[in-house]
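Chain by chain, the residues run as shown.
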Amino acid sequence: MESIKAVMGNKRKVIALLLLGFCLISMVLGIAIIAKGPFDMGGIGVSGDKIAIINIEGAIVGGSSGFGIFGAESGADDIAKLIKSAGEDPSVRAIILRINSPGGSAAASQELHAEVCKARENGKIVVASMSDVATSGGYYVACGADKIVANPGTITGSIGVIFSQLQYSELLERYGIRANVIKSGKYKDIGSPLRNMTAEEQQILQDMIDDIYFQFVHAVAEGRQMNESEILELADGRILTGRQAKELGLVDELGNFQDAVDLAGEMAGIEGKPRVVEYGRKTFFEQFFGVFARELGRGVAETFLDSGRQGVGLGSSFL
Amino acid sequence: MADLLENIFGTLFRPASTFGRMLEERTSVTTAAIVVLIACVCSGAGSILTQSAFMSLFAEFPGFEPVGPGFEEMMFSPIASVTLSVVAGFIGWVVIAGIFHVAAKVLGGKGAFTEMLVLMGFAMLPNIFQAPIGLIAIFSGGLTGALIAIGLGGILAIWVLILDVLAIREAHKFSTSRAIATLVLPFAVLVVLAFILMIVGIFLISMP
Chain A
1 MESIKAVMGN KRKVIALLLL GFCLISMVLG IAIIAKGPFD MGGIGVSGDK IAIINIEGAI
61 VGGSSGFGIF GAESGADDIA KLIKSAGEDP SVRAIILRIN SPGGSAAASQ ELHAEVCKAR
121 ENGKIVVASM SDVATSGGYY VACGADKIVA NPGTITGSIG VIFSQLQYSE LLERYGIRAN
181 VIKSGKYKDI GSPLRNMTAE EQQILQDMID DIYFQFVHAV AEGRQMNESE ILELADGRIL
241 TGRQAKELGL VDELGNFQDA VDLAGEMAGI EGKPRVVEYG RKTFFEQFFG VFARELGRGV
301 AETFLDSGRQ GVGLGSSFL
Chain B
1001 MADLLENIFG TLFRPASTFG RMLEERTSVT TAAIVVLIAC VCSGAGSILT QSAFMSLFAE
1061 FPGFEPVGPG FEEMMFSPIA SVTLSVVAGF IGWVVIAGIF HVAAKVLGGK GAFTEMLVLM
1121 GFAMLPNIFQ APIGLIAIFS GGLTGALIAI GLGGILAIWV LILDVLAIRE AHKFSTSRAI
1181 ATLVLPFAVL VVLAFILMIV GIFLISMP
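Respectively, the protein sequence lines represent chains A and B.
The first sequence maps to residues 1 to 319 in this note's numbering.
The second sequence maps to residues 1001 to 1208 in this note's numbering.
Just so you know, not all the hints are guaranteed correct.
As the list claims (entries may be wrong) - Chain B stretches covered by chain A per the calculated footprint, using a threshold of three residues with CB under 8 Å from any CB of chain A:
{"#": "1", "segment": "1008-1022"}
{"#": "2", "segment": "1143-1155"}
{"#": "3", "segment": "1179-1193"}
Stated by the list, open to error - Here are some, though not all, of the chain B residues that point toward chain A, as calculated from beta-carbon distances under 8 Å:
{"#": "4", "residue": "Leu1005"}
{"#": "5", "residue": "Ile1048"}
{"#": "6", "residue": "Ile1138"}
These aren't lab readings, by the way, just hints derived from the structure by calculation.
Positions of the beta carbon are idealized from the N, C-alpha and C atoms, including for glycine.
All chains, please: the whole structure from these sequences, using the hints.
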């Protein structure tokens, strides 16, 4: 009886020792496996190289991203930081710009376009993947990429510049309201809605629009490796479907987001499944609790403030 | 060492009687601390392996990965993960044992804090299996690996919970239902406190 007890006792201890040993060996083996490439940072069969996804959603404006009165806005400052960050990350081999934007301010679009070009100079492959809409400023950003992938039904194009301004001098006159404007120079209140625009002022604004327009045409010609004359023929502001744009050489491939991921992986020479990381993605709590409520209020306030400012000054020119 | 192995086996396969025996033999807090250390090291390593399995899941679902740049250096550093697990584990061991000890005393328990500490330390033992679970998960990869990690991890969590109930029951010498109540009481208090704070907050905001 005593020897049986002793044997059973030893058995229990041996089992305990074996279990502990097994767990500790698993630990060492597991860490050794994931510490060695190409398994590092991705698990078995997953490449450690990353494809960064950067979303450009809504109107492209200067400053931070948020919500305007008409919906989401992509702030050039925020997006440019993400592109720069991805461009300088040695583990990022390719960047996908997921664009769903009707355009926005010329300068903001140029900021993003410049960062895209810098990322390419850093050796990153950049693929623009168009969603529902990638027109005007959205196309401006996309044209800087190595490849553009659009769905056949994507709305793109609209290569051009627009400036519009409400003018309600006659309305004020009708109700006997007069505005007194004291200014330092004759063009200081150019674009004022309180009076008619003079022919000279119209020409000044037209020259500005044309300047921005030719910057846009040049960027598209350079990005698409086409002649400026070819682009000028298409750059009358018309919108195009993805399929039409491909036929005209403004888009490289027809496909969806997954096709863009596969293309980016192939172009970057990534073997196996690439790690796809979304830059700038908000956590669940940020999305649910914080950002929407805060930015909606901020967007409404800013929109009203901007409307007030435009009453006495020049509005932005828009792509 | 021999006693430690005996207690490890007993905790995993015959916890109720083993906990009772450990109390009679006055198993030391140091012995329990060794168990906590082993459990935390394996748990920390298992966590890093599980995260790696989730990374391959994210590769199957592009764009799902929520982390931003810089996070993975922390996430995949074995040293950081294990160190964090050990530090957090020890702090958690003492704090949680303390909280449950107070709750048990409120419910009429008769045990000593050191006894709670010893048994709650041994109750963390199933966490040693985090390491092999993580290994299975990364070999499976993708969605399968992630599901294995979640499923087996859930089983481990329930196992630890059961051991906690038994530890509280044996240490304070009362019924299983009272031991369960001891486990639930601190969370119930937290929920009530949070509710009260919310009401007070709403009241303060609505004041002119």
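Checklist line | Numbers of unmet hints, in rising order | finding: 2, 3
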